[in-house]
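Asks: Kindly produce the complete structure, drawing on both the sequences and the hints.
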Amino acid sequence: MWSSRFTWGGEDPPREGEIAVIGHMQHIYFDAITPVLKALIIQGGSLTFDDTQDVSLDVEYILILDGGTLRIGTQEQPFLHNAVVTMHGHSRSIELPMYGAKVLGLREGTLDMHGKPLRVSWTKLGSFSENCYLFMNL
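Each residue of the sequence shown is one higher than the one before, starting from 1 at the first, in the numbering used here.
No wet-lab data here; the hints were simulated from the structure.
Fair warning: this is a prediction, and the values are worked out from it, not measured in the lab.
We put the beta carbon where it would ideally sit given N, CA and C, even for glycine.
One should not assume that every hint holds.
[Said to hold, decoys possible] Computed beta-carbon distance windows for the label pairs:
{"hint": "1", "residue 1": "H81", "residue 2": "N131", "range": "16 to 26 Å"}
{"hint": "2", "residue 1": "G126", "residue 2": "L96", "range": "41 to 51 Å"}
{"hint": "3", "residue 1": "M1", "residue 2": "L111", "range": "15 to 25 Å"}
{"hint": "4", "residue 1": "M25", "residue 2": "V85", "range": "46 to 56 Å"}
{"hint": "5", "residue 1": "K116", "residue 2": "D12", "range": "29 to 39 Å"}
{"hint": "6", "residue 1": "G10", "residue 2": "Q75", "range": "29 to 39 Å"}
{"hint": "7", "residue 1": "T110", "residue 2": "H81", "range": "32 to 42 Å"}
{"hint": "8", "residue 1": "E16", "residue 2": "H81", "range": "19 to 29 Å"}
{"hint": "9", "residue 1": "Q77", "residue 2": "M25", "range": "21 to 31 Å"}
{"hint": "10", "residue 1": "D12", "residue 2": "S121", "range": "20 to 30 Å"}
Replies: Structural data, given as structure tokens:
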């Protein structure tokens with residue numbers, strides 16, 4: 001679990017302005033609301049959002065590399081709580097080569113995001129409808 005000190009070698013979870021690295025063979029469940037992190041690097045490991053609560057990830061850069069995985073629900077099991085990922089930066093943010101600034105970069109990895117299904121809130125008209133008509137053909 002992201003919030004556990006054991007996940008981070010006995011240290012507190014990453015604090016504001018720090019870089020969090022999830023290395024090969026590390027599999028972490030994200031169960032937190034973070035301060036603004038400098039970067040999240042998922043290099044061969046995985047970060048799966050815990051769907052038992054609302055969570056929020058605030059970060060300037062996210063890089064998914066070398067077979068890493070960021071998963072917020074799957075097609076078979078969509079994420080049913082609220083998950084917020086906020087990318088922070090400004091016009092003078094440092095640009096990472098090949099990626100840019102304020103970026104979610106993916107290179108040889110997996111990004112899986114599936115939320116709760118929504119009802120369709122729109123439809124196409126079956127025929128032209130004049131202004132002020134009382135009925136429409138759907």
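Asks: Against the earlier hints, flag every one the structure doesn't satisfy and list their numbers going up.
Replies: 1, 4, 7 and 10
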